[in-house]
Amino acid sequence: MEMSYVLDTLFALFAMTLIIFMVPGFAMLEAGLVRTKNVTTVLTTNIMIYAVASMSFLLVGYTLAFGAWENESMSIYAVFLFQMAFVGKTVNIMSGGVSERTRIVPLAFFTVIMAALIYPLVVNVTWGANLLSGTLFDISAMHDLAGCTVIHSTGAWALLAAILIIGPRKGRYGKDGRIRVIPASNIPLIVLGALLLWIGWFGFNGGSVGSIASKDKADLVALTIMNTNTGGLAGAIIVGIIMYVQYKRFDITMILNGALGGLVSVTAGADVFDMYAPIYVGAIGGAIVVYGVTMFDKLKLDDPVGALSVHLLNGIWGTIAVALFADVAMWDQVKGVLVVGVFAFSASFTVMYIINKVSPFRAANDEQQQGLDIEECGLEAYPEFRRSI
Amino acid sequence: MEMSYVLDTLFALFAMTLIIFMVPGFAMLEAGLVRTKNVTTVLTTNIMIYAVASMSFLLVGYTLAFGAWENESMSIYAVFLFQMAFVGKTVNIMSGGVSERTRIVPLAFFTVIMAALIYPLVVNVTWGANLLSGTLFDISAMHDLAGCTVIHSTGAWALLAAILIIGPRKGRYGKDGRIRVIPASNIPLIVLGALLLWIGWFGFNGGSVGSIASKDKADLVALTIMNTNTGGLAGAIIVGIIMYVQYKRFDITMILNGALGGLVSVTAGADVFDMYAPIYVGAIGGAIVVYGVTMFDKLKLDDPVGALSVHLLNGIWGTIAVALFADVAMWDQVKGVLVVGVFAFSASFTVMYIINKVSPFRAANDEQQQGLDIEECGLEAYPEFRRSI
Amino acid sequence: MEMSYVLDTLFALFAMTLIIFMVPGFAMLEAGLVRTKNVTTVLTTNIMIYAVASMSFLLVGYTLAFGAWENESMSIYAVFLFQMAFVGKTVNIMSGGVSERTRIVPLAFFTVIMAALIYPLVVNVTWGANLLSGTLFDISAMHDLAGCTVIHSTGAWALLAAILIIGPRKGRYGKDGRIRVIPASNIPLIVLGALLLWIGWFGFNGGSVGSIASKDKADLVALTIMNTNTGGLAGAIIVGIIMYVQYKRFDITMILNGALGGLVSVTAGADVFDMYAPIYVGAIGGAIVVYGVTMFDKLKLDDPVGALSVHLLNGIWGTIAVALFADVAMWDQVKGVLVVGVFAFSASFTVMYIINKVSPFRAANDEQQQGLDIEECGLEAYPEFRRSI
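Chains as they are written, first to last, in this note's numbering: chain A, 18 to 406; chain B, 18 to 406; chain C, 18 to 406.
Accuracy of the hints is not assured; some may be wrong.
Below, a list of computed lysine to any residue pairs in the SDA-like style, where the Cα atoms sit at most 20 Å apart [stated by the list, open to error]:
| id | chain 1 | residue 1 | chain 2 | residue 2 |
| --- | --- | --- | --- | --- |
| 1 | B | Lys-265 | A | Gly-395 |
| 2 | B | Lys-232 | A | Met-20 |
| 3 | A | Lys-232 | C | Glu-19 |
| 4 | B | Lys-234 | C | Met-20 |
| 5 | B | Lys-265 | A | Met-20 |
These are calculated hints, taken from the structure and not from any lab test.
Take the sequences, apply the hints, and build the full model.
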């Protein structure tokens, strides 16, 4: 009993640490994807999110999601840390998709509300105390191991709301209907960031099993991490093949988004899939990213990092896939997707709408032209490097 | 018994690994903070420190600090590795603060002395064999979990000695009293480095509890890591607020130094604070950094990375804070700060003074103008990027 | 029994995670070492290798190496993940040494064969099911803890085959016999990458002990990690000294290759060395790198990252060193080096020769001149930074 308590605490701390590597992961990924003139702002936003979201979750959110600070199977502080490591991700997903045009202060206000209220309410009705127990909207039967819907879709619904309120980057969609390609500024940072996210996912999904302290649980944790990795592999490979067949060139940013899409797609079911299912689920997840990115651009939903495809489409696909590849009821999954989607989108939209009146999200067009870094942070990311564009 | 030995060894190895992430952490942080023409030198210095300090500690320092290579509660090799992971940090703190003007060879000599003698003597009288036992200067009663005084202050007192001997960077303080602002060259590296340090701190403070192999210890480790993180959050948030109120701009380098200041400030007491104390301690720690940086500049103590504020002021504040926020005697803390401070400063000053006669620390003014990389390393950090300044 | 199963599974997952940090490790190291015009290609190659090699090992290689998917001492999925983390390294070693002139598609074909057949066969006859049992070529008595021969030499023999088939970079060896120095483009990435590899090595060698679940095993794991680290320290220090004595300048790329050489050199015997042997073994390993790099350049074997010296020479040296510094028979070591060398080189050469007919490895001279990134990936690594060369 005591040994199991120790082991599960140690395991949760290990998993939490891996997830915290996603903080530099998101930061480097996004810093590489945007233009140099917006890099400092994107990085500052990422640090702000980790600090503000975690503190909000400590002071308010955790209690709202789970009730009392009590746990018998491992240290409550390890439980908190593991859950806290998740919370910023919902805002990361959202902020990345509206980068290059969004100011930090209103994002900070939204971060407080997301981490103190919106996300904790979603957790409450899925993994937590369950306010909706006994009602028509009870979705606690949804199988969502590590937050395919609870985290990825929630963050991405908030992103959709944000894109509708903030609009596209200046000049992204020309009056003639042409879409201006805006190249990523630093490919090594993108690769580094994506790989740190990948490693963090082992903690995300593996740790969500909740215990390693028996033979069965140890097997389940190891299978879950293996399946997580396989989903990422399949996503990367399928996108690599699509890229080569279509363009004879390997677009590494798309391949990495394919890997991330694959990772999202197995996040709901990595613990109930056999070791081959993630190959199919992840490959479909990767393909979804390729076609999703094009689709959202046609809809003029400007998302510089592809977060809608990676997190929204795959958040939905991954949750549904559990019913297709494991013994889980489809309706429980669909109902979970719908209830969380309606709540996360409408709550986020409402909150952002109000914040936007007080402190507008969107940077002025000339500020966007100049780059946000000067106005928002007073610091260029690479002041010594002469720019060619 | 055997299970506890295994668990504590595994836990020490896990904590040690996290601390080793501070090696790239310091390296990236400092590489981002200096001008491109000094980046290779700063990086080479960081690698030199890890190699030379660790080897010196292996051959001499560990035995001086702890006596016999024996341990009953976990593998002695894990104990060594955990302690070895600490030792370079004292020199990192020092070298960062004198970067852009300091040569590598004399630093290497000092690294040997610091890691073989000065730091081990500090450890000896605080956590180790205690040569001062029974004397007036016995400071083993000071509560310093993971080295707020033992590591951070020791390194920063050495830095103060180094700044007095080496002087400011050429051109930093104009004859007209103006302080020339020298912008950081690579913000993404700063963010990456600071976040790796943050993650390393979980190992630093969590591992310093020394055992995880019982319910109580597991709780204590998890609380310690949680408190460590909270200190960093509070430091970042308070500096973000100060920046916005004062300048309407978020200076990310200052915010990250605020986070690091918050992390230092809870390093002495993270195991004896309740879960709310780190909010206050870390916030004060962050604020100290902001005002400390200005103060040291007024004193013309040129410290390009803010290490005096982060590690010296917060090393002192964090050690004192234990007496304010936990049931620990103030005098034990103050006495520890004083005895270590007097010893670390005077020993470092003396050793540096002698080394400086043989192999001067300071690079010549024209070498500084050209950048140290050519002369010290023969390699530019970014040879293909055209410089605008 | 059950507790030991849990502990060893947890330990294997921890070690595996550290090894996965070598994926960004290799990627950053190589991205820093090549010219900016080839950075995206190198990064894409690294991602391709991880995805394709891991998937090939999952579908074919693991079974070929180890037979049935069964294990009694820990979760079979953890065993797989730990072994899978190794497999891409053989191709990484190879691809790095032929970078700046090699196309991605033929490399992908070779990756499949290496991960599904060549490397699994090497593992089979050393650590695995042992097809050669009872024959003259039985090399299972070779002591090779974590793959000094099995991984490092195997990958580096493949590299030698690749260099012979692909040839040097255009312009590297002038007609007048002069060797053109091609400077690394991004030193911070090199340092970051090398340090991530270093940390990954703790998992590589420590995890290869195979169990931590007793007092003796815990001691052995900790000693192994300590010895691993010491090998790296000694390699870095000796190369630093050689650099300073010969050139009065610290070439950080050479120092880091010295560290990596030291790490390779203790990979066969870290578990059977006492705590002082790695100082000698690693120092010799570092020195080998310095003189190896010069030697291979004289032989016009163009290897932009120094992989032949780091992995081939030290793979051999490290395997031999076990017999010199521990109680292991020399002939078993030599025989292992020879059998693996002959097989790995001839199998790799044959496979590459065939692939090269179908899909040539070598990028055309004008493509090399332009940089591979445009043709292979369609993306520049740093499109906004104006280039000086």
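Under the criterion that the straight-line Cα-Cα distance not exceed 20 Å, is the pair B:Lys-234, C:Met-20 satisfied?
Holds, at roughly 19 Å.
For the pair supplied as a hint, B:Lys-265 and A:Gly-395, is the alpha-carbon distance within the 20 Å limit?
9 Å, holds
With the threshold set at 20 Å, check whether the alpha-carbon distance from B:Lys-265 to A:Met-20 stays at or below it.
Given that 20 Å is the threshold and the Cα spacing comes to 52 Å, the pair is violated.
Between the alpha carbons of B:Lys-232 and A:Met-20, is the straight-line distance 20 Å or under?
Within the cut-off at roughly 8 Å; holds.
Does A:Lys-232 pair with C:Glu-19 here, judged by a C-alpha cut-off of 20 Å?
At roughly 6 Å apart (the allowed maximum being 20 Å), C:Glu-19 and A:Lys-232 satisfy the hint.
Violated hint: 5 only; the structure is consistent with all others.
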